[in-house]
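Protein chains: 2
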Amino acid sequence: MISEKMMQLGKKRSVIREIFEYSKKRKAEIGAENVFDFSIGNPSVAAPETVKNVMIDLLANTDPVALHGYTSAQGDAGVRAAIAKDIAEEFDVTVDPNLIYMTCGAAASLTVSLHAICLPGDEVIALAPFFPEYRVFVEKAGASLRVVPTLDGSFQMDFDAIAAAINEKTKAIIINSPNNPTGVIFPEADIAKLGELLRAKEAELGTEIYLITDEPYRKLVYGGLHVAYVPKHYARTLVCYSYSKALSLPGERIGYILVSPDMPAAGDVYAAICGAGRALGFVCAPSLLQYTVAKCLRDTADVSVYAANRALLCDSLRKMGYQVTEPDGAFYLFVKAAEADAYAFCDRAKQFELLLVPSDDFGCPGYVRIAYCVETETIRRALPAFEKLMETYR
Amino acid sequence: MISEKMMQLGKKRSVIREIFEYSKKRKAEIGAENVFDFSIGNPSVAAPETVKNVMIDLLANTDPVALHGYTSAQGDAGVRAAIAKDIAEEFDVTVDPNLIYMTCGAAASLTVSLHAICLPGDEVIALAPFFPEYRVFVEKAGASLRVVPTLDGSFQMDFDAIAAAINEKTKAIIINSPNNPTGVIFPEADIAKLGELLRAKEAELGTEIYLITDEPYRKLVYGGLHVAYVPKHYARTLVCYSYSKALSLPGERIGYILVSPDMPAAGDVYAAICGAGRALGFVCAPSLLQYTVAKCLRDTADVSVYAANRALLCDSLRKMGYQVTEPDGAFYLFVKAAEADAYAFCDRAKQFELLLVPSDDFGCPGYVRIAYCVETETIRRALPAFEKLMETYR
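Which chain is which? The protein sequence lines are A and B, in order.
Going letter by letter, the first sequence gives residues 0 to 393 in numbering that gives the first Met the number 0.
Going letter by letter, the second sequence gives residues 0 to 393 in numbering that gives the first Met the number 0.
Because the hints were derived from the structure by calculation, they are not lab data.
Please note that the accuracy of each hint is not assured.
[Stated by the list, open to error] Taking lysine-lysine and the DSSO-like style, the derived pairs with C-alpha atoms no more than 27 Å apart in a straight line are:
1. Lys294/B <-> Lys24/A
2. Lys4/B <-> Lys84/A
3. Lys4/A <-> Lys168/B
4. Lys10/B <-> Lys168/A
5. Lys84/B <-> Lys26/A
6. Lys294/A <-> Lys84/B
7. Lys84/A <-> Lys231/B
8. Lys23/A <-> Lys84/B
9. Lys168/B <-> Lys84/A
10. Lys294/A <-> Lys24/B
11. Lys4/A <-> Lys4/B
12. Lys335/B <-> Lys349/B
13. Lys4/B <-> Lys168/A
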């Protein structure tokens, strides 16, 4: 009599959350230091000191009625102006603060965007491997997910495959760069090429196709690499941002949706976003967090820890014989499982207290995701377990 | 091509939000002190000092990785245990912390509950006058709203009308006591009688009917009145709570859903709630706020200000000839408009810089809602304007 679909979603949990819960149980059993949990993208590096200082200062010196009161549904005007100015300066573009909508983090950015634009029967394209919750979000919005693989090994966009997947039902394509789970960044030239392809398909089919760019990892990049500003290359772009990873605030739920001012009927799309946020029950993004991020726009958590972890893991695992894709950003390593069935591989890893995420739900079987947002010491101590695991396959 | 329905929702705004935005504009034009804005339920009393101290202490003395990290999707286990213990003690009942789900406030409590239980074609009953967003939330969850009037003048439950409205499509009834917009509290005897009616109807129709009790104002009560603990009287109850009003934290978005442990298949319903929260993109309730409310469970903002406002307004308006329903809780006064058309009445009030909310969207035309969560001085200075407004009708 209740929603069977919601019940199953609640019972099943995502595979990541499932391991996260197992990890808590296992740590209680054998001690936290003996479990090597690489399952969840919970930043291990503290939020920057500035965040703490700004929050304490706001709490100590702001009228609490203003600080904790409702903001406008789309977010405080001053906060949106600060964010718009920052993006405009960083990328040398025009940003309209009245086309920014503050959200409760990246997941909310995605669900609100999808409910704003999707109609029953629509299709939304995701490029595999992709964050598994995309499927949940897209289906709840009444659309269906069409999975398009990326190029084997490089995980870069396969334009022929994307072109073949687009049809008159295609409402949107979601990209995620730096990518979860591979850490791959799409080069600017490929973003430009994607823009061209989408414009051509719109013209050919007489439809509108939205480009949803899910960017929680935009500021977590290694080797000084450049992440393209997607709206520069395609007008019908919705940027879904979150401060969770860059500022190490995943539990606080704060992010935004940016509607490109170049988008045709941008005001209508923005109104639909406001309407969807309202109908889903978001009211406004947490006010203290809105005011906080507006004062920490150029801050990030100490990314050097992730860089060190990445180097240590990539080098060590390669030496052991693992097949590793070197990540350019985010804090995930995508590693080929040593047998065809990634679930079986993860089960065997568990015997060595290694908690890895099988890649099947990412739409790309045969791999595991290692979230290396952990203390470097944890990686160091986990290396013998990785070695022993590989030995069982020799 | 986008969702017309979401776009209209975003463009129209709620009538309350519309006035809220007009108020900001008008205040900028003629000075905030000259606008008497009674439109929005934004608490005027500061959050208790304890809230500030707890938040600063958490920020200063907790590992930021733990403080700002993801909690379990249903909320931190310690937080849920503390809330369960508090409710159990306050009402002398059994509460299962594993049947509490932390939310981003009352609106989220409602949308997550509705998406968990509603199927297409379902009907949800609301008792007029009711908070207008109920309609938006119910329709987005795929159900339709059936409005049942309360008793004329007292705004108490009309059991004959409720009984007549229940049919095989009825999935839930939403009650809200203390009520927005009337401030009326349903006596415990009436809650018990409602429970009996719902059980009888379930037996008669062979269906399941959920009682959703929306309780953001539970702790805002005058004259020592008692608010019933609804699950005592009906097993299939979902309590939707928010700390917004009691702790003056409306912008922070923190609340919970409590599934009665006596409910048949409570675990399945709770799973559906977890699934709905996940699919709508909530991930978890803001972590700092979760830890904060768990340490402020018996605190409330200084309700004496609202009590003083209520007395001043009720007395003064009655003397001027307004027909007033004395509120028992919350911070709203429901007043009969001096002409049949509440919109016309509100327009005329605007000429005196009085911003009131017409009752039509509350499902009960001919009244206005006065949110008296303002400074007492504002009411004092507004009284001549109320007098002048009434004069125009003499």
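Hints and how they fare:
no.: 1; hint: Lys294/B <-> Lys24/A; result: 25 Å, holds
no.: 2; hint: Lys4/B <-> Lys84/A; result: 31 Å, violated
no.: 3; hint: Lys4/A <-> Lys168/B; result: 19 Å, holds
no.: 4; hint: Lys10/B <-> Lys168/A; result: 26 Å, holds
no.: 5; hint: Lys84/B <-> Lys26/A; result: 26 Å, holds
no.: 6; hint: Lys294/A <-> Lys84/B; result: 38 Å, violated
no.: 7; hint: Lys84/A <-> Lys231/B; result: 53 Å, violated
no.: 8; hint: Lys23/A <-> Lys84/B; result: 23 Å, holds
no.: 9; hint: Lys168/B <-> Lys84/A; result: 51 Å, violated
no.: 10; hint: Lys294/A <-> Lys24/B; result: 26 Å, holds
no.: 11; hint: Lys4/A <-> Lys4/B; result: 24 Å, holds
no.: 12; hint: Lys335/B <-> Lys349/B; result: 16 Å, holds
no.: 13; hint: Lys4/B <-> Lys168/A; result: 19 Å, holds
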